[in-house]
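If you follow the hints, you should be able to join the two separate chains into one complex; please do so.
So the protein sequences, as listed, match chains A and B. In terms of numbering that gives the first Met the number 0, the first sequence opens at residue 0 and continues consecutively. In terms of numbering that gives the first Met the number 0, the second sequence opens at residue 0 and continues consecutively.
Read the hints as simulated data drawn from the structure, not as lab findings. One thing to keep in mind: the hints can contain errors.
What the hints assert, rightly or not - Once the Cα atoms are required to be at most 16 Å apart in a straight line, the calculated EDC-like pairs of lysine to aspartate or glutamate come out as:
| id | chain 1 | residue 1 | chain 2 | residue 2 |
| --- | --- | --- | --- | --- |
| 1 | B | 41 | B | 126 |
| 2 | A | 369 | A | 140 |
| 3 | B | 118 | A | 140 |
| 4 | A | 421 | B | 92 |
| 5 | A | 25 | A | 281 |
| 6 | A | 326 | A | 166 |
Stated by the list, open to error - Examples of chain A residues lying across from chain B (beta carbon under 7 Å, computed):
| id | residue |
| --- | --- |
| 7 | 207 |
| 8 | 210 |
| 9 | 211 |
| 10 | 324 |
| 11 | 420 |
| 12 | 423 |
| 13 | 424 |
| 14 | 426 |
This structure is a prediction, so every number in the text was calculated from the model and none was measured. The beta carbon of each residue, even a glycine, is placed where N, CA and C say it ideally should be.
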Amino acid sequence: MNFPNLKAALINSQIWRSIFRSGIWKDTPRDRAGHVIGNLWLHLHPVRIRPRALQWTYTWGLGGISFLLFLILTVTGVFLMFYYRPTMELAYRDMKDLEFAITLGKLLRNSHRWAAQAMLVAVILHMIRVYLTGAYKKPREFNWCIGVLLLTLTLFLSFTGYLLPWDQLDIWAVTVGTNLAAATPFLGYEGPFSSLLGVHVANDVRFVLLGGTVVGENTLLRFYVLHCVFVPLVAGALIMLHFWRIRKDSFSAAPLALPGPRSSAEGAAAPLSSASDEEKVEVWPHLVLREYVAAGFTVLFILLWSILQNAPLEELANPTVTPNPSKAPWYFVGLQELLRYFDPWIAGVMIPNLIIVGLMAIPYVNPNPKGVGYYAWRESPFAIATFLFGILLWFVLIFIGYFCRGPNFAWYWPWESWLVHKAPPPPTWDLPLWAGALLLLFYFGFGILGPRFLQREISFKPAVIFYWIFAAAAGAAIYLFGFTAGQVAALFFFLFVYYLFGFLMPQRYLRDLSWPRYLTAMVFLLMMVGVVLKIGAMVGFNLHYILALPQYNFNI
Amino acid sequence: MDVTRRSFLWAGWAALVAFAVGNLAAAARFMFPNVIYEPSQKFNAGPAAEFPEGVSTQLTTAWRIWVVRKEGFLYALLARCTHLGCTPNWFSDQNRFRCPCHGSNFTPGGDVIAGPAPKPLWRCRVEVASTGDLMIDRAILENRPGLRERPPFVVSV
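Next up, chain B with everything else stripped away, as it sits in the complex (with noise of 0.2 Å):
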């Protein structure tokens, strides 16, 4: 093959815009964290049966979690808006749970009665120890009818 001045200085300017691209995926990845350093998600809420019957939020501020109460069965709802992750308020009289930043209103169940949220709110995996206390883990959700209702995303008490 036959290597003349000009394919050779072709074949040097794509390896630099070859070398210019590698560079740029290489800092991209490197904004990548590998190893984060956040808590867990999993977390003992105490005695599952110690629960009263509605929407408690006595784990709001320390886990963002409302644990709801239902003719023998428990759930957990992330308190996180579905919208932009806000932690909405709970409003017993008016029987919703409303968010502060942009008016999405949801049901004890999680449905999206009003606002711009475009799906419900996240339940949590939850389980009973054997020791009797509520297991929640925060990083395996679910929101589909149907799928939510079930275990491990319900337990009853």
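Chain A extracted, bound-state conformation (with noise of 0.2 Å):
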């Protein structure tokens, strides 16, 4: 038997031509080419790459691994399909069904769930790597966009799967979930001026989500198919827009050649050197390969996680008791947190939305062109210290609701008991009317005309040290009006952060953009600096609201 010329006619039968397009592998550039264009999978890829684009610390694989965490979603999804029931009476019996009567049923929602997870946490850090690395920039602008909208969907797959189990998390996540939703300005019969709209609520979006006024039935059925069919679809037909525009904007965004040698005084504007240009090698064995290892990773990652460890299911839901504390999922519970100190409708509506609208305005708002294709900290401070503080917010609520929030959503430190006795919280105030409505528009004017008209340099260091003398003997002066020295801290640290991020850095960085652009930039950083303002405010004065119109559910 000669098993090469036996391998020879195999491939060479008409049956194999017909199926695979290329010959007998040579190994030739023209076959490894062939290979990424006749390959219905792989034909996504472009034919050549720099070798630049393959450093893992480039890319780390991340789009890649929430991609394959997509697909392992899928799969295991459509399995978990089959011995699912979305109705109230049969999906807590199921979920029990597949963690102890079904062959490897609780692998598979174990999969699945934690699956679910580390996609999240991928396309978080996906999204951060391609910041900083500049690969939303010009003319990758819109692609940013599709990005932020898929990961916007990430969560929202999240969101309707987590009220399937029908358990006690779900039902109170969902609950509350969805009174968010009452609270959207005009649309929900809870929101600000809705009533002004006779919207009420039998024909608000609250709803149309539940399909009636209490989490039930249709609720459960309305999620199923959200999250089964309609959510999936629409990610599934961004993703292949997303990939069909990283194929058009040349992979990866690695440019041409990286800035010269820093040795240099100016190393940031020290020109492109030709001579670090590179020969572009081919993407298959170079990139496809990586990818796989990358993916095989990934799922033993994964495979392993869910031998290890359960997917949480609690109580069957009730939809009279809450549990005491009651906590969104890691992911959520950052937005929880932030529910504390606002009203739903901006916790709960309008950040979200600013979030979602603001990350996708960045590309737009920064014009600089410089630094594309590698971690430029240099080139962009302040595009990328706000977008890190921004994260860094996102998590350290996220920290404090997971870990220091206990019975009654009072403060325990991680390291406290349950059980430990704690004073009830005091009471609040709200500021008077026109004493908030003056405030306001002091912060948003000064805010934004400020930075722009005073058009002298301000030094860094000088500034930041003038804050500290003039803070101390502000504090010293508060301190001996009977604030605590908690209070006065929290007035230090957090007029702190407004002046780092809402006036002195966009005085440096920002007065020169055109003013659409910096109207847009202004407004968006003043927000995200607004609401740690608030929150300190709330944490250091208890005060309840800025602004407070409760005849139109207006609170601010």
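And the structure:
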């Protein structure tokens, strides 16, 4: 028996050649190109790519890992659907069956749950990586927006998915989540100004999400269809668009050449050296191999995690009794913590939407063409510092919500027992209407105009040192008036955040932008800093509302 | 009127857009059910005279209602936080309701004393039937001071 001959005969047979377009593999450049072009699965790739884009530390493979996790979720999800019936009576029982009565059911459910959480982590890290390497800049602005939408859809898939087991976590998370929809301005029955449009409990956005007025049978069915069919279809379409644009806008944004060596004093401005321009290498095998290695490790990781750790399942849903404390899954617990400080229409509707729109606005606001294709800390210090500050803020909120909140949502340190008795929270107070209105006008008025019209460059270090001297003097004075040390410290910290991100940095880096860009950037920046300030006002001084118009449900 | 080829095509495009918009509107309307099969919000809470003085939590798990009796009057608070709809817990030692979801606190009268809740707890319509039973209607609600202290949101016993 001659194996090579047999193999050649097989490959040259009509059947083989009708399925696979290439003949016997000779490992020529033509073969390698043909392998990418002639393969439905691989033809999304270019044929050749710069070696720089292949480095692990450049992409970390995060986009590909996110997509792989989406595929794992699709496959495990389809299998789970064979045993799951979305009714109030049966859903929880089917979960128990999956856990205890169905061979490998538990593993499948674990994989689905953990892959979902891993996908969120991967998508968030992918966004951070893309941002840090400037891969959102021209001509990739639109693809960045698609990416932001995909992040939103990933969160929405999680949200719709976690109602399905019908346990206590689900029903209360969805009760809270859909009551947020009820707080939408104009469109939700508890939102600002909705009474002016005749919106009531049985015709608002919450009603259409729930399919009724309470979380019930219709809700479960709606979330099931959204989770299993509607959102995955939309996400799939956007993923295709995302990939297509990556391909069209040139893969991974790796530049033709990196900036020259930073030996000169003005390192950032050094010209691109053509000497560092690299010969491209073939995608097969160099890139595809790396992709398969990343995929292999990801699958292994999810499998091990699913074997070692079971997905949580709480008690059967009870629509009258809320667990104490009741916490959202980790990726929403930051939002839950935010809801502690703001009215639902702000924390639950405005802020998430503004984050989405703000993220999408970044590439159109930032005109700096430099720093594409490598980690460009020096080329865009303000853009990167502000972005990382936002991300850090979000994860600090997650940390507080997850580790520092106990029964009655009171503050417990992570090392404290939840059995310790905590005093009830102190009473809150509102600013008078005129004072709140003036404060907001001043905050946004001065905040927008101040950095723009102070045309002289403020030197950085003296400005910061001056702040601390001034603050120490003011703090000493306030302390004498009877503020506690904690309140003075809060005042220092939160005013410093404003001074740095709301004034000093924009004054330095934004004041020369064109007006539309400047206005957009400043409004989003001031709102982000404002969130921090309002948290400080509530934590340090128990301020409930800056501006309260309860008759219209309009409270800030 | 002259119908040119161009204006005819414009009319065609306009019709197509109108059709698409109509489809979207129809799809949106389709998602609003006309009939919902939810239980009645009105129920019989038992003999009105038997509720103890102060806040009673015996109806909380079944109906999400606290019955509060004070100096010859009864009112029924809906045990639904006005912030985002969780069920707060009654702490008799602290004389307040505390919500487990975001930490809002309410007095036995329903007023917010701490936390993020924007408005007082709702009081339900109450009446005493001829049998002496307390009838509570969770669909008719009031929380404005002045109105909530008047019938039908309080009843004397």
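Given the hint that residue 118(B) pairs with residue 140(A), does the C-alpha gap stay at or below 16 Å?
Not satisfied, since the Cα-Cα distance of roughly 43 Å exceeds 16 Å.
Less than 7 Å between beta-carbons is the criterion; does residue 423(A) satisfy it with respect to chain B?
Hint holds; residue 423(A) Cβ to chain B Cβ min 5 Å, cut 7 Å.
Evaluation of the interface hint that places residue 210(A) against chain B, nearest CB under 7 Å
holds (6 Å)
Does residue 421(A) pair with residue 92(B) here, judged by a C-alpha cut-off of 16 Å?
With a Cα-Cα distance of about 13 Å, the restraint between residue 421(A) and residue 92(B) holds, given a limit of 16 Å.
Checking hints one by one. Is residue 424(A) an interface residue toward chain B, by the C-beta closer than 7 Å rule?
Status holds, d = 4 Å.
A closest beta-carbon separation below 7 Å is what the hint needs, so does residue 420(A) meet it against chain B?
At 10 Å from the nearest chain B Cβ, residue 420(A) fails the 7 Å test, so the hint is violated.
Holds or violated: residue 324(A) as interface residue toward chain B, Cβ cutoff 7 Å?
Interface hint status for residue 324(A): holds (5 Å vs cutoff 7 Å).
Just to be careful, I want the Cα atoms of residue 326(A) and residue 166(A) compared with a cutoff of 16 Å; is the pair within it?
Roughly 13 Å between the alpha carbons, so the hint for residue 326(A) and residue 166(A) holds.
With chain B as the partner, please determine if residue 207(A) meets the hint condition of a C-beta pair closer than 7 Å.
Hint on residue 207(A): holds, closest Cβ of chain B at ~5 Å, below 7 Å.
Run the distance test for residue 369(A) versus residue 140(A): straight-line Cα separation, threshold 16 Å.
Roughly 14 Å separates the two Cα atoms, so the pair holds.
Under the criterion that the straight-line Cα-Cα distance not exceed 16 Å, is the pair residue 25(A), residue 281(A) satisfied?
Measuring from Cα to Cα gives roughly 15 Å; hence the hint holds.
Tell me if residue 211(A) is really an interface residue toward chain B, meaning its C-beta lies closer than 7 Å to one of theirs.
OK, holds: residue 211(A) within 7 Å of chain B, min 4 Å.
In summary, the structure is inconsistent with hints 3, 11 from the numbered list given earlier, while agreeing with the others.
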